[in-house]
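Top to bottom, those sequences are chains G and B.
With the working numbering, letter number 54 in the first sequence gets 54, and the count goes up by one each step, no holes.
With the working numbering, letter number 21 in the second sequence gets 21, and the count goes up by one each step, no holes.
A couple of the hints might just be wrong.
[Stated by the list, open to error] With the C-beta cut set under 10 Å, the calculated list includes, among others, these residues of chain G facing chain B: (1) 5; (2) 16; (3) 48; (4) 51; (5) 87; (6) 88; (7) 89; (8) 90; (9) 147; (10) 151.
The set of hints was computed from the structure by calculation and includes no laboratory data.
All of these numbers come straight from a predicted model, not from anything done at the bench.
The beta carbon of each residue, even a glycine, is placed where N, CA and C say it ideally should be.
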Amino acid sequence: MFKKIAAKLKTNFPAPEVQAHCDGPCGVYDPSSARITAEAVVSMTKKILELDPKAGDHKTANTLSRYIAIKEEQAQKTKEDLLILWTDYFKPVHLEKYPDLHDTFWKAAKLCSACKVEVNLEHANELMEAVHKIHDMFWATKDRDVTWYKAS
Amino acid sequence: MNEELQTALKLLQLLLGMRKRLRVSGPSMLPELQPGEEILFNPKAYRQKLPKVGDIVVARHPYQKKQIIKRVAVVLEDGSCFLTGDNTSSSTDSRSFGFIPPNKILGKVTSKFP
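Here chain G stands alone, though its shape is the one from the complex:
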């Protein structure tokens, strides 16, 4: 009888959830998402710099604001992707092999912020280099030789 009551209780009044989760999709991490968004930041920075801000027509103003919006969005996404790798994928054991791991991620995250706020091709290229370094570190921890490549 008690078992029936308990079973009914469980079916009709399910308990609140307690999480036994991982934040990522169960161990699937890949720095390529940060690479793609970082590439977009470099591309948008170049396109903004190629525009003439003095043009004064609606078309240029519209294009410029679109480029800025995309650059900021992609820089923010790069930062989020990097932070997930940093906090969720990398573990203390990796720190032994890469003592500059925290510094690398910290500087890369700072570069994301700089690229979001500024129009600075130098910083955008530095961000790309930082993502490249993280790519190399990431795949080395998996003992896999994954070639770095760019879509653009």
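Given chain G, put chain B in place with the hints provided.
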């Protein structure tokens, strides 16, 4: 004790507020706890004593508004715990978010429900 009696005891403990019920979501405590299974935990288990290594505990996530269920791997003198999932390849735990202070350890898992 037969199963019927055990279930009766669990129901009584629930009724008296000595245990709370939660439903496991996610694979990080496999094979011990399946997603969808319900557990009972004792919210007063650690009022007088510290958690022990090997205990399964319910804790508050340090940065998010959710409760997590993990196993105690290390206990410090102040009661802070290093928590890990049993299924380490599918678990975000103290390896990512560090030690959990005692005020965020909400209780000890005592059994499955029913």
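Structure-based check of each hint:
1. 5: 6 Å, holds
2. 16: Cβ of residue 16/G sits 6 Å from chain B, so the hint holds.
3. 48: Check failed: Cβ of residue 48/G comes no nearer than 35 Å to chain B, outside 10 Å.
4. 51: Given a least distance of 40 Å, the restraint on residue 51/G is violated.
5. 87: 6 Å, holds
6. 88: 5 Å, holds
7. 89: 9 Å, holds
8. 90: 9 Å, holds
9. 147: Hint on residue 147/G: violated, closest Cβ of chain B at ~26 Å, above 10 Å.
10. 151: 30 Å, violated
Checked against the numbered hints listed earlier, the structure breaks hints 3, 4, 9 and 10; every other hint is satisfied.
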